[in-house]
Structures are given as C-alpha cells and as structure tokens.
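Enquirer: Okay, here's what each chain looks like letter by letter:
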Amino acid sequence: MITIKELSDDNLFTAGHTACPGCGVAMSIRNAIRVLGKDAAVYVPASCAVVFGTTFPYGAWKVPFFHTAFENTGACLTGMQAAFEKKGKQVISVGFAGDGGTYDIGLQSMSGAAERNEDVLYICLDNEAYMNTGIQRSGGTPFGAWTTTTPVGTKIQGNRRFKKNLGDIVAAHEIPYYATLSIGHPLDFIRKVEKAKNIRGFRFLHMFTPCIPGWKMDPAKTVEVTKRAVESGMWTLYEVENGEKKITYKPGKMKSVKDYLMMQGRFRHMSEEDIKKLQMWVCRKWNLHYKEKGAPQICEIAPPEEHHAVTEEHREMHGP
Amino acid sequence: MNPETSPNSPRTHQQPKKVITGDHAVAIGAKLCRVDVVPAYPITPQTLIIEHIADFVSDGELDAKFLTMESEHSVMSAAAAASASGARVFTATSSQGLAFMHEMLYATAPLRLPVVMANASRTLGGPPGIWCEYNDSMGARDSGWLQLYVEDNQEALDMVIQCFRIAEDKRVLLPVMPCLDGFVLTHTVEPVEVPEQEEVDLFLPAYIPDITLDPARPSMIGTFMPAEYIMELRRQTAGAMESAKKAIGEINDEFARRFGRNYGGLIDTYRMEDAEIALITMGTVTSTSRDVVDELRREGRKVGLVKLRFFRPFPSEELRKVLSGVSAVGVFDRSISFQGGGQSYNEVRSALFGMTIPIINHLAGLGGRDVTREQIMKMFEITLKAAKGEKVNLVNWHNTRGETL
Amino acid sequence: MFEVRFHGRGGQGAVMAAQTLAEAAVIEGNYAVAFPFFGAERRGAPVLAFTRIDNKKIYSKTQVYAPDCVVVLDDTLLDTIDVVAGLKPEGIVVINSKDKPEDIDLGKELRTGAINATSVALEILKAPITNTTILGAFAKATGIIKIESLEEAIKRRFGEKLGALVGERNALAARTAFEKTVIGKSKGIKKLEPRKQWLPTYQELPVGGALVEGKTDAGLIGPGSFIENKVMGWATFRPLRDKEKCTMCLLCWFYCPEGTIVRISDRGDLMTNYDYCKGCGVCANECPVDAIKMVRARV
Ligand SMILES: Cc1ncc(C[n+]2csc(CCOP(=O)(O)OP(=O)(O)O)c2C)c(N)n1
Ligand code: SF4
Ligand code: SF4
Ligand code: SF4
Ligand SMILES: [Mg+2]
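Residue numbers (our numbering), protein chains in the order written: chain A, 1 to 320; chain B, 1 to 405; chain C, 1 to 299.
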C-alpha cells in the first residue's frame, strides 16, 4: 500500500486552477489523480470541477480531459473505454462527477454503465448540492441543510428530505467495487483509490468533498469537517467488494451530530427538533453500518421506529 | 426512368444484388466502413439497423464494440466520447430518440467529432406516430451536423460509406446524418448492390485524427470556453460546413468513378434541361416524382425535378444555377416550421433571394400520410399555374381535409 | 448618464454594491441599472459589476467601457489589473485602501477618494465585508448621490435579505465611511503591463478547440497550463512554516488543494510557492504539531 510519503510529486492537476480557497473537490481530485497516475483519461461533466479545472485555453489537467454535458458521465466513460479497448490501448477511463451529476440527472447514465459493468472508474465528488449553479438542493443534500432552493423561511426551514442512500443503489448493481472516501482520512483514501485503480469492471468511488461557500464554512476547516462527519456517523467509511461490505474505519466513540452541524452555516438555523430528527437518522445509519447502537446519551433519546425517510410531511402528503 | 440521368446507371461493376430493406442496407454500409464503436438504442423504424449490426458483431463479421446503451442521450454521449478517443463511430436513431439526444448533437459538431448517424425519418410526437415525417431531423438542422436525405436503399448504403469519407475529411470533420424515410425505405426490400470490402477499403482509409484523448499526448477536448474564443469557434464550424460543399462534390465524383453510381453531390436533377418549371423534392418522394415527370413530359409539359440531397450544407448556389431558367418553382416539404410553410421552402426562398420567379410550397405526407402520384401531379399543376401568372396559394397543404387547393 | 465600474473579488459583494447604488439612484427619482459581468471564477477571483445612472430610461445594454467612476473594493487588485482602464480623464476613483490618495499609485494622476473600508467594516459589521462601506465613500467622492438615499437603499436591500438590524448596521458603515473618506490625487508612476492573452483568429484556433500542450506569445496553453494563472492575489493570509517544529509528516503537502506546497532537497524539506497559495489555511489547521501559522499576506 502507498503511504503519503510514497505518493508521487507529479502534479497531474496543476496549481493555478480557479477553485475557491479550501475547496474539498479540488483537494480530492488532486490526490485521486495523483494515485491513479498518467495512464488515465478523464471525463468531467458540467460541475464546478469542469469550470475550475479548465477555462480555454488553460487547463489544470495533465492527463487527457474530456467534457460534453452534465448527465452523461457513465455513457462518456463507456464510449472512451470502448475506443481504448478497440484500439488496444491500456488507459484507465475515470469520471469525476458531482452529486447532482450522479444522484440526480446522471443517475440513469451511471446506472447503465454500472449495470453493463463497464471497465471504468466512476468518482462521485459529493459536495451535497449543485454548487456550480450557486448552491441548489440535490438528492445528496442532507436533511435540514440550507440551499438557495431550500431556503430558511418562516414556514419551511431548509431541506426536508434526507440524503439519498446512493451507496446501496450503486452497490445493488452488483459491481466489483464501491467505496466511500473522505479526504480527512488520507491512508484510507489512498488505499481505496489504489484498489479501484487495479480492479477491472465498474468501480465507484464516492468521495465526501466539502464546499466552502455551499456549506458556509471556514476554508481552513475542509479536512476537519470531513473528520467530524465520520466521527458523528454523518459519513461512513466502507467498501463493498463483490457484494461483501466491509467497514474500513470505525470511529471510536460516536460524537453528537450537533458538533458537525455547528461548524457549517448551512445548518446553523436548525431547530432542536430538526437536529433531533437528523440525529435519529444518523443513529439508524450507525446501527445499520456498525451493527451496534450509537452512543447511548446520543441515540437513546427516542429510538426511531419507522423508516427514516418517512417524515411528518411525508405522512401528511401520503397518509401513514 | 430516364436511363441517362438515373442515378443507378450506367453500372460499371456488376455485383450480385441483395434484396434487402433500407435498414439492412444501412447496416451493411456501416459494416463495410469497419466501424470501431457502435453505441445503440432501439426505436422504430430504425431498430433493424442496430439489430443487423448486433448480428454482424455477434457472428464475428464485424470487429466493433457494440454498446447497448440505456438511452439515446447516452448513445450520443458514448459516440462523442469514443470519437474523441480516436474511434470511427456509427449509430442510428429516429424521432423521439433524436430529440432526446438533441443536447449531444450540439456537443459533437463544434468539437469536430466525425460521427455518422443514420436517422430513420419519423414523426416526432406528440401526438405519437411512427411514420415518415421530417420534423425530427429538421429540429437538428442548426446543430452543425451535415444532413442528407436518400431516395432508395442503394443510396442509403452508398451514402453511409460516403458519409464517413465526408465526415472524416480534414476540411470538414463534422458529424453527418443520412436520413432515410421511415418504413418507405427502412422496411421496404429492394435489390441493392453491395460493394466489395476491398473496394470500400480503398475508398475509405482508416480514421486517424490529429488529437485524441491519449495519455501519451494529453489533450483537452470540450473545455469550458469564454466569450473571447467561442465566437471564433462558431466561425470555424461555419467554415467547415461551407468547405463540406466542395468535399461532398469531390467525394461523390470519386465514388462514381470507383463504384459507378453518381448521385450528383449536393443536389441531383431529373429532366431539367429545358424545364419551364421545377419541383424540389427530398427523400422517397423524389423517386415517385421521377415517374410523374415522365408522365407530364409525355403530355408535352416541360417539367423537371430537383432532388435536394443535402439539407446541410444547404446548396444555395447549386439551386440558383439549376433554377436560373425556370419560371416557377415548387418546393415539397414533409414538415412544417409553423412559420409560413416548411423548412425547405424557407431555405429555398432565401437561397433564391433576388430571383423574381414564384416559389410555391407543397406540404404533403406529414405524419407519414402517403404521398401519391396524384398529389405530386397536383404540385406540378399548381406550380404551372403560378408560372403562368395565375394566382395560387404560396403554401399548399396537399390532401388535407378542410384545405382547398 | 453616469457610469460606474466596480472591481472586487468573488465573495466581496461587488454585485450587491452595484445594485444598491442603482436602488439609491432610483430613490432619488432617477433611472438606474446595475449588472454583473459573470466570469467563471470562484471565491477570491476578480469580478466586475456595473451601474449606470441617468435621469431618463437607459437603453444601453453593453458593458461600461468609459466609466465616470471606478470603485475598487480590494486594492490587491491593483497589482494585476488596470482598474482605471478607460476611465474618463475627469473621472474619479473610489478605493478601499489604508493609504492616502497621494500614496496610491494608479499609473495615472486621478481624482481619488480613499477609505480604509476594511477597518470600518471590521469595526461596525465585525466582518471584512466592504461593499456597503465603500458606497459611503462613493457618495462623498462623487457627490452624485446623497448619503441619505444610500442609507435608505442599503436598509431596503440588506434588510430585506438579512433582517432589519443588519440593514441598519450596514447603513451605519456607509455613513461612517462617508465621513472618513479622504479625497486627493493618486500617484501616476507605475506602468502596468496588460496581461498578455492568446487571441487566435478562427483560422488559427485549433480544430474544435482541442488543445495539446502548447506555447504561445502569451505563455502556455493546453494541459497543465493553468500554472500561468498566478492566484496569490486571492489570499488574505499566507502560511509560514516553522522548519524547526516541522516533522515532515507531509500532511500539509497532501492536503493543499492548490498543490503549491512542494517537496524539495531530495524530499527532505518543503517549500510553499506563494504564487499559487490562496491562503485557505488548511495546511495550518491540519499540521499536527502547529508548525504553520497564517499571517496577513500583505502588510
Ligand atoms: C442538462 C443540464 N441542466 C442543467 C445544467 C446546469 N448545471 C451545470 S452544473 C450544475 C450543477 C452541478 O452540480 P453537481 O453535479 O453537484 O456538481 P458541483 O458543481 O456541485 O460540484 C447544473 C445544474 C446543465 N449544464 N445541463
Ligand atoms: S463552490 Fe464549492 S465545490 Fe465549487 S469550487 Fe468553490 S468550494 Fe469548490
Ligand atoms: S494556505 Fe491553503 S493554499 Fe496556501 S499553502 Fe496552505 S493549504 Fe495550500
Ligand atoms: S503538516 Fe506540519 S509537520 Fe507535517 S509536514 Fe506540514 S508543516 Fe511539517
Ligand atoms: Mg455538488
């Protein structure tokens, strides 16, 4: 396994790109491509990354870069890989798509590529909203979060739905490899990218990538916030290899989700009641992943009885 | 048919003829072009094309990557990506499918990715229908794709081969969309001469693009582009479209020399020599119109036919030249632009700007309604009236209940 | 017609300033429009906004090329951008700066109103957000708008979005700046070389805009060429590493989103290339032995 020290000095995603200071997406891209190396060709759909990574005639990528649209990462990777194979070239086709480009508009294209088990590497840079268009809600936006389309109003405050369980959706395609990553856990990060690099078939790396303006946070805290996400159970580090799920890092003691929320302006408006709701959702997730109850003082407030996604509003709309 | 000007003669090479559908002919054309990648998605009346190609690949007759995509948007995405990665790419679609991939048409052309995609012309709903109408491809006329309409199954096959030559020509490097009439060609069998593979190989060399997505020589294709550059890029694409005119002519002539079938390039004409009026047609209506012209000629009426083969690039100069002696022009359209008449009509009018002859639009066959000899006869009749200075409608809806012609 | 061009950086609120000025002009019974020039760049990158004011309806929809006034929200922009380009000879510059007009080198002697908007904002708003503060200076320096109208416009626009209290405070910031603005003449010494730009004709433009690594008179293009884009101007702070404390764990090197911390002397030491440091502070925050301190980028 590669350690930080053994990582290449080659900057395959060069400085001078135009991401915001402290951007978690830029940080993840840089390190992912550093592990993947020169023999990669990259597709980036419409997203922040396409804009801050290339602006004609400039580009940060030192590996081949392709872009056409927003919703077609799975398909473009399929086409690239087909051409490389037909021409007998050994190239890793890698996609770097946002959460919007994966959870929502690009879900079909991703699913198609996954189901066909295309020999490509799909990386989802999950910053939990449509950032390139100025912070709108996506299927990856967590419960309670402010975005410009889930504003904090007098009647409705923030996003009312819970983050879509993309991991299970992707893994249900019975692909060789799905893993979640966080930039705040470098060794786990490097190991998973390296592993994905060397597996054949459809690999999916799901990266948790903080966004400074979108999460309304201090740019210096990009890494710290990912650590807190994992410690609280908001984000879980695991991998599913040929159907077998393995937790790759388990936090020692569950931290309250509130610690995590209060680092970010997007959550600061949340009512105690909403925080509790979210906490219950996290507790359930914790239970599912780690096969144990979360910390008693946190998770035994009111054990969640129902499916996490069934909220009050849901019941109002659809009946019990 | 007039043997001197018919596109199917004289023949220099006599190949054994196969009795096949238009879709089958297109698939064979693609196979002869040794395409590398074929992303596919089914839609009537195109489906037979990709089914035949799947057979070729499964039987080892064609060494290509056949990709069963999950939508047309993904088909054109994969096509663009494979093309940018250096592959020769073919696919086919129709109506709703073409509409669904609309966004990606606009990605392929300016990036200069020479994909060839057959379009089986079909009504774009709603309301849904599966028969021949050109409102599917007409919506794509401003995407930067070359677009042509064929008349029979032989032309369908031959044009797939020519299309790759045109698309990959360094002066052009644009994607090309040969359109064949849904059902009237796609599902109709007729004898087709299948060229020898060796001859096609001589005519169509391997595709070797200058820049591809190659880690040995990293490139950026499709970068975010500010206003300082995009205007020049548009100008460049427009220039390529303009250069395509010359390339189409030259490639047509070379094809005629090698294979003995001359389609005339951008346009084809029939009995135009001393014609007093002309009808401009597209697709299979051209074929039926040849008979009608013969009949009218027998009656002593000096009528001629202009087959609009390429819609993009639009043959304005060629039309002006061939129509310089006529006293009225009828323009057939199989789709309506909801602005005065059909798209061909509008384009022809601007092509003939400054000429004072009447230009009369004949809308017929929308939604797949059969375009009969009688209707075509009527088109000539109305155009003749206009030539004589009689008052006629500029836009005529043929065989449409409630309309009087 | 009075035309204003605002120079700021993404996140500083230049667009909001332009809009608020327009609203103030409308309050005075004039007609005004304000609009941004949206670049593709993110936080910290240079941005432009414009305001046009007239006593009758304004039809012009183009950008402003010959402004009557230029407003500069961030004087670090002076290092890389000719902010006074096209300014009318009798035009005026309003600038956020610690210096007096006489000490500000704009490359031309121009009527200049200077205000330390950052310090006013820090004092009153408790945040370095200077867009309302600078408007106070604008009112003082140009005299084309009353401070009262600006206060009203600020209360309306900010109050609406962020609550009445925020509106009041921002209005106060503008009033304070109005009183503190110093008017004088700028220095005209330095010559700013306009940044070279590769502008190919359509015939020269590579086919389809596809680029491989290349070099032009204006520098590198294609893969990896973003290193032409020095971003140090974005940084408010920059990291200083204490070599003695550093254990060479390489975490800062790993995390830096810009890749501007590099290994040197046979991988035995690190160096930060400040040309590309945006001052995010991640390196300092993550250093396990607190070997990195963030210091003000410019003193
Ligand atoms: C078909 C289509 N719809 C909408 C857009 C506008 N658009 C561009 S990027 C983007 C948001 C991207 O969000 P995400 O995928 O999460 O990436 P991020 O910018 O957050 O990294 C949107 C909505 C588009 N380019 N194409
Ligand atoms: S908006 Fe967010 S994701 Fe986009 S560049 Fe800025 S920090 Fe990165
Ligand atoms: S402050 Fe940010 S950009 Fe600068 S060196 Fe540290 S991590 Fe890199
Ligand atoms: S993080 Fe701190 S200790 Fe580690 S290499 Fe950087 S400065 Fe040295
Ligand atoms: Mg996102």
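Bear in mind the hints are in silico, worked out from the structure with no lab data behind them. Errors might be hidden in some of the hints.
What follows is a list of derived Cβ distance ranges for each label pair [stated by the list, open to error]:
1. E102(C) - L187(A): 33 to 41 Å
2. K291(A) - P288(C): 26 to 34 Å
3. P288(C) - N198(A): 51 to 59 Å
4. S316(B) - D168(A): 37 to 45 Å
5. K245(C) - Q136(A): 49 to 57 Å
6. A295(A) - T247(C): 45 to 53 Å
7. G29(C) - T356(B): 38 to 46 Å
8. Y65(C) - R171(B): 32 to 40 Å
9. T248(A) - P288(C): 41 to 49 Å
10. L199(C) - Q136(A): 43 to 51 Å
Capping the alpha-carbon separation at 25 Å, the derived lysine-lysine pairs in DSS-like fashion look like this [said to hold, decoys possible]:
11. K164(A) - K86(A)
12. K196(C) - K215(C)
13. K155(A) - K155(C)
14. K215(C) - K38(A)
15. K155(C) - K108(C)
16. K5(A) - K197(A)
17. K164(A) - K89(A)
18. K170(B) - K86(A)
19. K108(C) - K216(A)
20. K216(A) - K100(C)
21. K155(A) - K195(A)
22. K164(A) - K38(A)
23. K215(C) - K170(B)
24. K180(C) - K196(C)
25. K86(A) - K38(A)
26. K196(C) - K216(A)
27. K88(C) - K155(A)
28. K293(C) - K227(A)
29. K293(C) - K5(A)
30. K216(A) - K245(C)
31. K285(A) - K258(A)
32. K245(C) - K5(A)
33. K243(C) - K5(A)
34. K245(B) - K87(A)
35. K170(B) - K245(B)
36. K56(C) - K88(C)
From the three backbone atoms N, C-alpha and C, an ideal C-beta is built for every residue, glycine too.
Enquirer: Please go over all the hints and tell whether each is borne out by the structure.
Expert: Hint by hint, here is what the structure shows:
no.	hint	result
1	E102(C) - L187(A): 33 to 41 Å	violated, 57 Å
2	K291(A) - P288(C): 26 to 34 Å	holds, 32 Å
3	P288(C) - N198(A): 51 to 59 Å	violated, 30 Å
4	S316(B) - D168(A): 37 to 45 Å	violated, 58 Å
5	K245(C) - Q136(A): 49 to 57 Å	violated, 43 Å
6	A295(A) - T247(C): 45 to 53 Å	violated, 33 Å
7	G29(C) - T356(B): 38 to 46 Å	violated, 56 Å
8	Y65(C) - R171(B): 32 to 40 Å	holds, 38 Å
9	T248(A) - P288(C): 41 to 49 Å	violated, 22 Å
10	L199(C) - Q136(A): 43 to 51 Å	violated, 35 Å
11	K164(A) - K86(A)	violated, 37 Å
12	K196(C) - K215(C)	holds, 13 Å
13	K155(A) - K155(C)	holds, 24 Å
14	K215(C) - K38(A)	holds, 21 Å
15	K155(C) - K108(C)	violated, 36 Å
16	K5(A) - K197(A)	holds, 19 Å
17	K164(A) - K89(A)	violated, 37 Å
18	K170(B) - K86(A)	holds, 23 Å
19	K108(C) - K216(A)	violated, 40 Å
20	K216(A) - K100(C)	violated, 35 Å
21	K155(A) - K195(A)	violated, 47 Å
22	K164(A) - K38(A)	violated, 34 Å
23	K215(C) - K170(B)	holds, 24 Å
24	K180(C) - K196(C)	violated, 38 Å
25	K86(A) - K38(A)	holds, 20 Å
26	K196(C) - K216(A)	violated, 35 Å
27	K88(C) - K155(A)	violated, 50 Å
28	K293(C) - K227(A)	holds, 21 Å
29	K293(C) - K5(A)	holds, 23 Å
30	K216(A) - K245(C)	violated, 32 Å
31	K285(A) - K258(A)	holds, 16 Å
32	K245(C) - K5(A)	holds, 18 Å
33	K243(C) - K5(A)	holds, 18 Å
34	K245(B) - K87(A)	violated, 31 Å
35	K170(B) - K245(B)	holds, 13 Å
36	K56(C) - K88(C)	holds, 22 Å
Of the numbered hints stated above, those contradicted by the structure are hints 1, 3, 4, 5, 6, 7, 9, 10, 11, 15, 17, 19, 20, 21, 22, 24, 26, 27, 30, 34, listed in ascending order.
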